[in-house]
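Colleague: Sequence:
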Amino acid sequence: MAVHSHHRASLAHHRPSVPPGQEHAFRQGIHDQVLGLIMFAASLALWVFPMATHDGSKDAQVNEAMIGMVLLFVVGMRLYRGSTWRSDVLVGVVGLWLIASPFVLGLQKTAVDNGNRILDITVGIILVTTSAISLLVVRADRRAAASEAAPLAAATPGGGG
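For the sequence shown, numbering that gives the first Met the number 0 assigns the number 0 to the initial residue and increments by one for each residue that follows.
Fair warning: there could be bad hints in the mix.
Unchecked claim - For each label pair, taking beta carbons as the anchor points, the in silico distance ranges come out as:
#, residue 1, residue 2, range
1, Leu135, Leu43, 38 to 46 Å
2, Thr83, Thr52, 29 to 37 Å
3, Ala99, Ala40, 40 to 48 Å
4, Gly114, Val88, 25 to 33 Å
5, Thr52, Val103, 20 to 28 Å
These are calculated hints, taken from the structure and not from any lab test.
Small disclaimer: the values here were computed from a predicted structure and weren't measured.
For each residue, glycine too, the CB sits at the ideal point set by N, CA and C.
Please build the complete structure, drawing on both the sequences and the hints.
Modeller: What follows is the structure in structure tokens.
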């Protein structure tokens, strides 16, 4: 399917422009700051909501408090120092646990735990999604760095290797 010239102009107009040479900083900002803030907000909701409402079983509250504290530490360090793929994987694994935990801990059998179940699954989905996007940004950044380094290595005397 061919793209007509007026569509190309339209597509180029809607694309955010990043100044040349700043692509890495842009991707790093999305990775560490934007996605990190979303993760931090989800972690804070997970940690604060059960304490504020005192709703649900004690097992669920302890699970949410412990997971919330770990996430706040990991995501806080991510915002402060930047992150690597390891923190993304850790956040993703914790998100998967949050999705599974209402069923593992048996929360589905009590009527008052609907709020906890919804909170855990929602925060888990947000964390898994943001960590997957974050890993894709890291991958794109590494590929871009490799493609930028390839012409430089070929241009150096001796062929770069």
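Colleague: The structure should be examined with respect to each hint, and the outcome stated for every one.
Modeller: Evaluation of the provided hints:
no. : hint                         : verdict
1   : Leu135 <-> Leu43: 38 to 46 Å : 24 Å, violated
2   : Thr83 <-> Thr52: 29 to 37 Å  : 35 Å, holds
3   : Ala99 <-> Ala40: 40 to 48 Å  : 22 Å, violated
4   : Gly114 <-> Val88: 25 to 33 Å : 29 Å, holds
5   : Thr52 <-> Val103: 20 to 28 Å : 21 Å, holds
When the structure is compared with the earlier hints, violations turn up for hints 1 and 3 and for no others.
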